[in-house]
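J.: Can you build the whole structure from these sequences, using the hints too?
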Amino acid sequence: MAEVVLKNIGKTYTNGYQAIKGLNLDIKDKEFVVFVGPSGSGKSTALRMIAGLETISEGEMYIGDTLVNNIPPKDRDIAMVFQSYALYPHMSVRDNIAFSLKLKGVPKAERYKRVAEVAEPLELTEVLDRKPSALSGGQRQRVALGRAMVRNPKVFLLDEPLSNLDAKLRVSMRSTIAELHRQLETTFIYVTHDQTEAMTMGDRIVVLDYGDVMQFDTPGNLYANPENKFVAEFIGSPQMNILNGKLIQTEDGPALEFPREVFVLSDDIASRLRVEAKGQLVYVGIRPEDLYYAEKKDDKNVITAYTKNVEQVGADTFVYFDFLSADRECTARFNPARYVDVRQDIFIRFDMSKIHIFDKETEVSLLDPFDFYLEGTPGKSSIV
Amino acid sequence: MEKSDIKIIEEEKSFKQKLQPWGYLLPTIVILTIFMFIPFFQTIIRSLFFTDNFGKMQNFIGFGNYIELLTSSSFWNSVWVSFRFVLIVVLVGVVLGFVSALLTQKAFPGLAFFSTSYATPMAIASVGMALIFQVMLNPSVGIINKILGAHGNMLADPGKALIIVAILTAWLNSGMNYLYFSSGLASISDSQYEAASIDGANGFQQFMYITVPALRPTTFFVIVTNIINAFQSFGQINILTKGGPGEATNVIVFDIYREAFMNYRYGFASAESVILFLIILALTILMFYIRSKGGKVQ
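Protein chains in written order, with the numbering used here: chain A, 1 to 384; chain B, 1 to 298.
If you are wondering where the hints come from, they were derived from the structure by calculation, not from laboratory data.
Cβ atoms here follow ideal geometry from the backbone N, Cα and C, with glycine treated the same way.
Hints are not guaranteed to be accurate.
In silico DSS-like links for lysine-lysine, alpha-carbon gap of 30 angstroms or less [stated by the list, open to error]:
| no. | chain 1 | residue 1 | chain 2 | residue 2 |
| --- | --- | --- | --- | --- |
| 1 | A | 74 | B | 106 |
| 2 | A | 296 | A | 102 |
| 3 | A | 296 | A | 308 |
| 4 | A | 278 | A | 308 |
| 5 | A | 30 | A | 246 |
| 6 | A | 168 | A | 246 |
| 7 | B | 146 | A | 131 |
| 8 | A | 74 | A | 168 |
| 9 | B | 106 | A | 131 |
| 10 | A | 360 | A | 278 |
| 11 | A | 113 | A | 74 |
| 12 | A | 104 | A | 21 |
| 13 | A | 102 | A | 113 |
| 14 | A | 104 | A | 154 |
| 15 | A | 21 | B | 106 |
| 16 | B | 106 | A | 102 |
| 17 | B | 293 | A | 102 |
| 18 | A | 113 | A | 154 |
| 19 | B | 106 | A | 108 |
| 20 | A | 246 | A | 278 |
| 21 | A | 7 | A | 154 |
| 22 | A | 354 | A | 297 |
| 23 | A | 74 | A | 21 |
| 24 | A | 104 | B | 18 |
Chain A residues, not near chain B, derived (Cβ > 12 angstroms throughout) [claimed, not checked]:
| no. | residue |
| --- | --- |
| 25 | 295 |
| 26 | 299 |
| 27 | 328 |
| 28 | 336 |
T.: Structure follows, in structure tokens:
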């Protein structure tokens with residue numbers, strides 16, 4: 001039993017800065033939950049509060065059935081992997097991993113036996129006698145993982161553990177950690193600012209911004225059913241295109257009006273619309289992968305775009321263009337890749353069954369969520 | 001690997017280019033030669049001569065000065081006094097610097113005030129402080145006697161004089177020690193303490209397993225420099241005790257001064273200087289040897 005429950009958890013520093021506002025999370029036993037958000041979103045603070053390294057200003061926190069608000073880190077039965085690894089520089093790898101056992105008074109022989117068991121799957125057996133300074137970044141990271149594993153904790157906390165590694169190593173360590181989670185069958189809480197890491201590893205993801213939970217959901221739902229504009233833009237790479245539009249009623253049903261075009265909503269989107277279309281201003285979101293190359297303008301839902309830049313990246317072609325009602329440059333991702341000339345007018349078709357609509361004021365989604373895991377979405381493969 | 005066919009052709013340097021680096025070194029070489037190397041070798045040479053009252057070398061007497069020195073009970077007293085002095089200075093100075101650095105490791109209101117206070121001894125001239133101590137230790141009006149309710153002259157007490165002078169020196173050194181230890185402590189990442197606290201270490205265990213090992217290189221450096229400095233302390237002894245009472249505070253450096261500038265025995269004083277140099281050299285080599293035995297840190 002190692003559920004982690006946060007009830008109205010808040011963190012206010014002595015200077016009045018509120019890092020976390022009323023956090024409510026119910027993390028299940030054996031779940032892999034990822035906290036993701038931009039810098040200053042409070043994700044690391046939240047993790048450190050679970051670890052007991054930061055005091056809790058308000059609310060209640062439970063690990064298992066125990067209220068842990070005032071329990072020191074060592075008695076919370078958690079293990080933490082730090083961004084900087086935080087290895088003890090003067091101890092050998094073996095002693096680094098065995099340190100917690102030593103403090104518990106486990107006899108030396110038993111200690112080293114446990115270290116050997118942990119070192120084996122992490123491929124550290126060869127380097128057990130070395131000092132951390134003689135290890136590569138990836139090895140240090142694995143020592144940090146080993147140090148956490150050897151304690152058999154109820155909860156694993158990982159604070160941006162991959163951010164100091166190079167891109168290639170990061171990808172392979174991602175699988176190592178995911179595999180570790182499957183083997184250990186323990187609750188994992190993982191902090192990252194990298195949405196790709198979050199999407200690939202998490203069972204569920206907490207998207208944070210300025211200390212507030214923007215959405216706590218599965219990767220699929222975050223991608224397919226973002227509850228607000230922040231999540232919509234944060235999840236997915238390249239970012240979702242956000243256009244300014246007007247939700248109007250036409251003879252053919254509700255439609256989106258842009259300065260030069262009017263696109264009628266697909267039946268599916270129209271049926272999920274939470275509000276009546278009466279000319280209100282909205283943000284319209286469409287992912288780059290939901291824009292398609294069109295041969296001619298007279299197709300439905302097609303715009304003319306002047307290509308500012310084109311990137312051929314093998315499997316995909318990224319096209320950057322300006323759209324009159326967008327505040328920033330738009331991106332289209334053509335898959336399969338196709339040849340597109342730069343500085344040229346091309347036609348781009350909107351997949352109107354994949355658009356997202358957000359209220360202009362509150363930035364909250366105006367669409368009811370659909371069951372992503374029942375209906376699926378062709379866009380899923382392109383998020384990693 | 002196959003033998004490479006690439007030949008590195010040494011770049012031809014013009015005469016001016018060859019001269020340039022020496023030009024940069026010249027000012028330092030000149031200054032060191034005049035103020036360090038010449039006096040150093042001069043001292044060694046003079047130690048082998050009998051000198052007149054003006055310091056002129058009269059007769060070559062070989063190791064005569066050394067033999068006299070090593071058979072003199074006064075010299076061995078000076079060695080014994082010096083070692084006791086150094087031991088107290090290093091122990092008290094290092095502990096003071098270390099503890100004050102630990103006290104200011106964590107941020108708290110008033111940190112700047114305390115940091116400045118702990119570092120201040122570094123900025124005070126030893127002679128100036130010795131004069132203030134003299135007033136404080138004055139048998140009739142000094143604050144120390146007032147506080148202790150004592151009436152005696154501590155500086156005239158052979159048992160206490162050395163301890164008092166050593167503590168003053170230790171306190172003067174503690175400012176610099178504080179700075180070294182503070183920078184050593186600042187270089188320990190907070191995350192190591194956090195990791196240790198999660199691993200189950202209490203405050204004392206964190207101190208023993210993280211702070212102490214991390215400060216080992218700093219401590220070594222501080223002890224070596226403190227030993228060297230302590231052996232060379234002069235100003236405060238000259239002001240407070242002038243080597244007395246009797247020979248209770250007659251450390252080697254003061255004895256050298258006394259032999260040279262009071263007894264005008266320059267050759268004898270030179271021999272004593274050379275011995276002091278050898279003692280410090282031997283101690284420093286010993287320290288480095290102990291450290292290399294203890295295993296390299298980091």
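J.: Quick one, are residue 104 of chain A and residue 21 of chain A close enough, alpha carbons at most 30 angstroms?
T.: violated, 36 angstroms
J.: Does residue 296 of chain A pair with residue 308 of chain A here, judged by a C-alpha cut-off of 30 angstroms?
T.: holds, 20 angstroms
J.: Keeping to a limit of 30 angstroms between CA atoms, is the pair of residue 74 of chain A and residue 168 of chain A held or broken?
T.: With a Cα-Cα distance of about 34 angstroms, the restraint between residue 74 of chain A and residue 168 of chain A is violated, given a limit of 30 angstroms.
J.: Hey, residue 293 of chain B versus residue 102 of chain A, does the alpha-carbon distance stay inside 30 angstroms?
T.: holds, 25 angstroms
J.: Would you check the hint for residue 104 of chain A and residue 18 of chain B, treating anything up to 30 angstroms between C-alpha atoms as holding?
T.: Distance ~65 angstroms between residue 104 of chain A and residue 18 of chain B Cα, so the pair is violated.
J.: Please work out if residue 104 of chain A and residue 154 of chain A have their alpha carbons no farther apart than 30 angstroms.
T.: holds, 16 angstroms
J.: With the threshold set at 30 angstroms, check whether the alpha-carbon distance from residue 74 of chain A to residue 21 of chain A stays at or below it.
T.: Cα-Cα ~26 angstroms, so holds.
J.: Determine whether the non-interface label on residue 295 of chain A survives the test: each CB of chain B must be over 12 angstroms from its CB.
T.: holds, 57 angstroms
J.: Run the distance test for residue 21 of chain A versus residue 106 of chain B: straight-line Cα separation, threshold 30 angstroms.
T.: The hint holds at about 27 angstroms.
J.: Between residue 360 of chain A and residue 278 of chain A, does the CA-CA distance stay at or below 30 angstroms?
T.: holds, 14 angstroms
J.: Checking the smallest CB distance to chain B, is residue 336 of chain A really beyond 12 angstroms?
T.: Per Cβ check, residue 336 of chain A is outside 12 angstroms of chain B; nearest 46 angstroms; holds.
J.: Decide if the proposed pair is consistent with the structure: residue 246 of chain A and residue 278 of chain A, CA atoms, cutoff 30 angstroms inclusive.
T.: holds, 9 angstroms
This entry does not satisfy hints 2, 4, 5, 6, 7, 8, 12, 19, 24, going by the numbered hints stated previously.
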